[in-house]
Amino acid sequence: MTDLSCPAVVTYAGGLTLSRIVAGMWRMNEWHLTPPQRLDWIEQALAMGVTSFDHADIYGGYGVEASFGEALALQPSLRDQMQIVSKCGIKLVSAARPAHTIQHYDTSASHIIASAEHSLRQLRTDHLDLLLIHRPDPLMHFDDIAGAFERLRQDGKVRHFGVSNFSRHQFESLNRRIALATNQVECSPLHVAPIFDETFDGLQDLGVAPMIWSPLAGGRLFNGDDAAGARVRAAIQQVADELQRPFGSVVFAWIMQLPSRPLPLTGSGRIEAVREAVAATQFSLSRSQWFEILRAARGHEVA
Amino acid sequence: MTDLSCPAVVTYAGGLTLSRIVAGMWRMNEWHLTPPQRLDWIEQALAMGVTSFDHADIYGGYGVEASFGEALALQPSLRDQMQIVSKCGIKLVSAARPAHTIQHYDTSASHIIASAEHSLRQLRTDHLDLLLIHRPDPLMHFDDIAGAFERLRQDGKVRHFGVSNFSRHQFESLNRRIALATNQVECSPLHVAPIFDETFDGLQDLGVAPMIWSPLAGGRLFNGDDAAGARVRAAIQQVADELQRPFGSVVFAWIMQLPSRPLPLTGSGRIEAVREAVAATQFSLSRSQWFEILRAARGHEVA
Amino acid sequence: MTDLSCPAVVTYAGGLTLSRIVAGMWRMNEWHLTPPQRLDWIEQALAMGVTSFDHADIYGGYGVEASFGEALALQPSLRDQMQIVSKCGIKLVSAARPAHTIQHYDTSASHIIASAEHSLRQLRTDHLDLLLIHRPDPLMHFDDIAGAFERLRQDGKVRHFGVSNFSRHQFESLNRRIALATNQVECSPLHVAPIFDETFDGLQDLGVAPMIWSPLAGGRLFNGDDAAGARVRAAIQQVADELQRPFGSVVFAWIMQLPSRPLPLTGSGRIEAVREAVAATQFSLSRSQWFEILRAARGHEVA
Chain C
1 MTDLSCPAVV
11 TYAGGLTLSR
21 IVAGMWRMNE
31 WHLTPPQRLD
41 WIEQALAMGV
51 TSFDHADIYG
61 GYGVEASFGE
71 ALALQPSLRD
81 QMQIVSKCGI
91 KLVSAARPAH
101 TIQHYDTSAS
111 HIIASAEHSL
121 RQLRTDHLDL
131 LLIHRPDPLM
141 HFDDIAGAFE
151 RLRQDGKVRH
161 FGVSNFSRHQ
171 FESLNRRIAL
181 ATNQVECSPL
191 HVAPIFDETF
201 DGLQDLGVAP
211 MIWSPLAGGR
221 LFNGDDAAGA
231 RVRAAIQQVA
241 DELQRPFGSV
251 VFAWIMQLPS
261 RPLPLTGSGR
271 IEAVREAVAA
281 TQFSLSRSQW
291 FEILRAARGH
301 EVA
Chain X
1 MTDLSCPAVV
11 TYAGGLTLSR
21 IVAGMWRMNE
31 WHLTPPQRLD
41 WIEQALAMGV
51 TSFDHADIYG
61 GYGVEASFGE
71 ALALQPSLRD
81 QMQIVSKCGI
91 KLVSAARPAH
101 TIQHYDTSAS
111 HIIASAEHSL
121 RQLRTDHLDL
131 LLIHRPDPLM
141 HFDDIAGAFE
151 RLRQDGKVRH
161 FGVSNFSRHQ
171 FESLNRRIAL
181 ATNQVECSPL
191 HVAPIFDETF
201 DGLQDLGVAP
211 MIWSPLAGGR
221 LFNGDDAAGA
231 RVRAAIQQVA
241 DELQRPFGSV
251 VFAWIMQLPS
261 RPLPLTGSGR
271 IEAVREAVAA
281 TQFSLSRSQW
291 FEILRAARGH
301 EVA
Chain U
1 MTDLSCPAVV
11 TYAGGLTLSR
21 IVAGMWRMNE
31 WHLTPPQRLD
41 WIEQALAMGV
51 TSFDHADIYG
61 GYGVEASFGE
71 ALALQPSLRD
81 QMQIVSKCGI
91 KLVSAARPAH
101 TIQHYDTSAS
111 HIIASAEHSL
121 RQLRTDHLDL
131 LLIHRPDPLM
141 HFDDIAGAFE
151 RLRQDGKVRH
161 FGVSNFSRHQ
171 FESLNRRIAL
181 ATNQVECSPL
191 HVAPIFDETF
201 DGLQDLGVAP
211 MIWSPLAGGR
221 LFNGDDAAGA
231 RVRAAIQQVA
241 DELQRPFGSV
251 VFAWIMQLPS
261 RPLPLTGSGR
271 IEAVREAVAA
281 TQFSLSRSQW
291 FEILRAARGH
301 EVA
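Taken in sequence, the protein lines are chains C, X and U. First residue of the first sequence: 1, per the UniProt record's numbering; consecutive thereafter. First residue of the second sequence: 1, per the UniProt record's numbering; consecutive thereafter. First residue of the third sequence: 1, per the UniProt record's numbering; consecutive thereafter.
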């Protein structure tokens with residue numbers, strides 16, 4: 001297993017390269033690691049070719065970026081071996097932001113720029129490789145967002161831009177103003193919506209690869225006790241047995257087989273879980289196996 | 001309050017200018033005004049900068065346009081100070097149209113032209129500033145509608161064209177054939193659908209401002225006794241208290257804050273209600289306040 | 001009735017001409033005809049101007065194409081008087097395909113080409129006039145499908161290409177890569193979805209005519225005993241009485257009146273049923289009649 005090497009993907013014509021498996025830092029502060037342990041975790045991920053790390057300003061109650069930056073400061077030369085992704089646009093009610101009285105969005109140019117600059121300070125880096133608008137904001141001005149992105153790019157603070165949880169049409173409206181590198185959306189065998197609404201079709205049409213959050217459905221694939229969860233778990237396990245691959249690897253492979261070239265995020269602090277995700281880049285399911293899992297996910301056969 | 005002055009908006013690149021608040025004439029015949037009283041109402045609206053008047057052939061059982069025209073005939077010089085909007089395409093079962101045996105649509109070129117010409121006679125004017133297709137017709141031919149519009153324009157009878165209650169895609173299909181000035185749709189804190197389906201996103205993308213009917217939800221915002229109505233009313237009232245603004249003004253301001261630049265219609269015969277709408281052009285809500293009303297409207301926080 | 005002659009329609013700018021009524025061969029093997037009887041049936045259809053015959057690899061458990069080819073071999077000169085349509089992309093669990101363990105899709109270039117070549121052998125012809133992808137496949141690569149289509153065209157094996165059961169956006173994504181001749185979808189007074197979702201609007205916008213499967217709702221229009229079925233049947237019967245036309249003809253005329261220029265398929269083995277469909281090309285409903293059937297179909301009047 002030590003020779004596992006995660007391939008890289010160019011997500012769009014604008015040239016952003018990310019590792020096919022992206023390390024999600026959402027829960028890093030729940031892993032209860034010391035800064036040297038965090039650095040060790042990052043180095044293990046890099047050694048497997050997992051070079052892309054996914055953040056957001058709000059993760060860990062506005063705390064994860066600083067924890068990552070603290071570790072990175074122990075070995076600053078690692079910065080050139082990795083891609084750092086962050087997000088902005090949500091304002092959480094949080095002890096760290098006493099001014100926020102209700103969870104809401106802010107996609108004004110001033111907030112986008114201030115949030116990105118704050119992320120840079122927390123992460124102890126001079127640039128982000130990718131900055132995403134976290135959620136589609138009913139008050140967003142497409143022109144203003146594109147303008148803020150352009151200014152961040154000109155100032156050398158952010159190299160590529162994207163969105164998260166956008167519909168096909170919201171993506172295309174912003175993409176007409178500034179070329180977007182990705183749309184990071186939820187997908188798993190327990191959340192197949194973007195396969196059947198226009199999200200993935202639209203991205204494939206444009207040649208833009210989605211990033212995928214919660215590919216394991218937040219763990220419900222392993223322990224969900226509802227009917228759908230049990231049915232899907234059994235189908236995945238059968239394919240895992242047939243292929244002699246770990247359960248988690250089969251889920252990641254099932255997602256990566258989609259033609260839009262998805263880049264799934266890991267969420268676990270167990271480095272072994274990252275390894276299982278990377279292992280999924282080395283095999284694929286037969287079409288029959290792929291549709292067995294889809295049938296279990298939807299509860300019915302294709303028409 | 002006497003110095004209130006409603007701003008104007010250019011709705012699309014084709015250059016139609018309307019007042020940001022549009023006086024909806026739908027129920028004018030229920031106001032039970034004499035022609036001189038109607039003229040007085042119109043003059044009071046104009047004095048506030050509310051220069052756009054929204055009609056449809058069918059309003060008041062095919063009767064409102066004539067009532068308006070009767071008032072306008074008392075002071076024909078007012079025509080140059082106003083914009084007149086009308087609609088066509090619905091055939092109502094009505095004592096005024098004994099040939100109609102079922103409510104249906106007719107978007108044939110011949111009906112569009114005949115209906116517009118009839119509106120001109122009723123309104124006692126030689127041109128409409130804006131003509132809308134009232135509802136998307138399952139039998140509509142996009143080419144035929146565009147052809148009828150072009151002919152009305154060439155004949156000097158209608159200056160700009162639009163639609164009402166069209167989906168994003170229906171709008172774009174017709175807009176590819178002839179540039180449309182607006183899509184008049186329903187929106188209020190009790191009807192937020194166009195904020196989340198593609199309607200407003202699509203119009204913002206194209207730089208076309210929507211017109212909004214029933215911004216006060218037909219009065220249900222004031223007196224609806226269901227759970228949603230009570231919850232939304234309380235949220236609006238709290239913002240009204242915070243801003244020291246009338247309840248109705250807050251609703252109009254909430255809608256006008258949307259990035260697609262909506263032009264809300266009034267519906268009331270009380271000139272004070274029009275004044276409250278115009279007052280809404282002079283302030284805005286904080287983002288927190290805006291999202292407080294949205295949360296009440298949807299019954300849940302944003303993700 | 002002997003002088004009935006079905007008109008032809010050019011379905012898209014690429015120039016495919018089909019008869020307005022298309023003979024659906026789906027259930028041909030259930031008609032229990034000998035090869036000479038099948039030939040006679042085909043000749044009767046051709047004599048009415050029904051020159052287009054709709055197949056799929058999977059019809060009749062992978063058996064109908066061979067039955068048709070067997071009849072055609074009795075009179076090979078008929079080939080030049082007809083258009084043959086087939087489909088590919090579904091893999092059925094069938095005694096004829098023991099390798100298939102689950103119903104699934106395959107839109108890989110290799111399967112599309114192999115399936116089309118197999119259809120040619122079964123149908124005993126050297127080319128298809130039209131080949132459709134039978135269902136949208138979550139694993140389809142738009143580029144690969146377009147590539148397979150181009151190769152089949154260059155090899156002279158298929159002249160035009162299309163899809164079936166695709167959404168507007170799936171259609172447009174593939175159509176941007178290779179011009180598509182049609183989208184064959186379900187529509188009837190008991191299945192009005194494509195009238196109100198974007199399917200027909202999108203095809204009208206592009207000038208592409210849809211083909212329609214199950215225009216008679218699989219017979220439920222005649223004998224369905226649910227409330228909707230009874231209500232729609234009564235509305236159709238009233239129009240049939242008013243126009244002095246057969247019930248089935250009214251249904252076909254109602255569909256063909258849609259502005260996207262639909263080409264409905266027949267499904268019956270009774271040549272009289274084909275005649276009733278062709279007769280529908282010779283009259284139309286009044287708008288009031290058309291909306292009477294729509295109201296019955298939806299259970300409510302238009303807004």
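Calculated from the structure, these hints are not laboratory results. Treat the hints with care, since some could be wrong.
Said to hold, decoys possible - Reference excerpt, derived from the structure (chain X facing chain C, CB under 10 angstroms, subset only): (1) 202; (2) 219; (3) 223; (4) 290; (5) 294.
Claimed, not checked - Chain U regions said to be covered by chain C (calculated; three or more residues, Cβ under 8 angstroms): (6) 33-41; (7) 102-116; (8) 163-170.
Only a predicted model underlies this, so the values are computations on that prediction, with no experimental measurement involved. Positions of the beta carbon are idealized from the N, C-alpha and C atoms, including for glycine.
Outcome of the hint check:
1. Hint status for residue 202 of chain X relative to chain C: holds, with the closest Cβ pair at about 7 angstroms, below 10 angstroms.
2. Because the smallest distance between the Cβ of residue 219 of chain X and any Cβ of chain C comes to about 24 angstroms, over 10 angstroms, the interface hint for this residue is violated.
3. The closest approach between the C-beta of residue 223 of chain X and any C-beta of chain C is roughly 26 angstroms, which is over the 10 angstroms cut-off, so the hint fails.
4. With its C-beta approaching chain C no nearer than about 7 angstroms, residue 290 of chain X sits inside the 10 angstroms limit, and its interface hint holds.
5. Of the supplied interface hints, the one on residue 294 of chain X holds, with its beta-carbon coming within about 7 angstroms of a beta-carbon of chain C, less than 10 angstroms.
6. Counting residues of the region 33-41 of chain U whose C-beta sits closer than 8 angstroms to any C-beta of chain C gives 0, which falls short of three, so the coverage hint is violated.
7. With 5 residues having a beta carbon nearer than 8 angstroms to a beta carbon of chain C, the region 102-116 of chain U meets the requirement of three or more and the stated coverage holds.
8. Residues of the region 163-170 of chain U lying with their CB closer than 8 angstroms to a CB of chain C number 4, which satisfies the three-residue condition for coverage.
Violation of the numbered hints given earlier is confined to hints 2, 3, 6; the remaining hints are satisfied by the structure.
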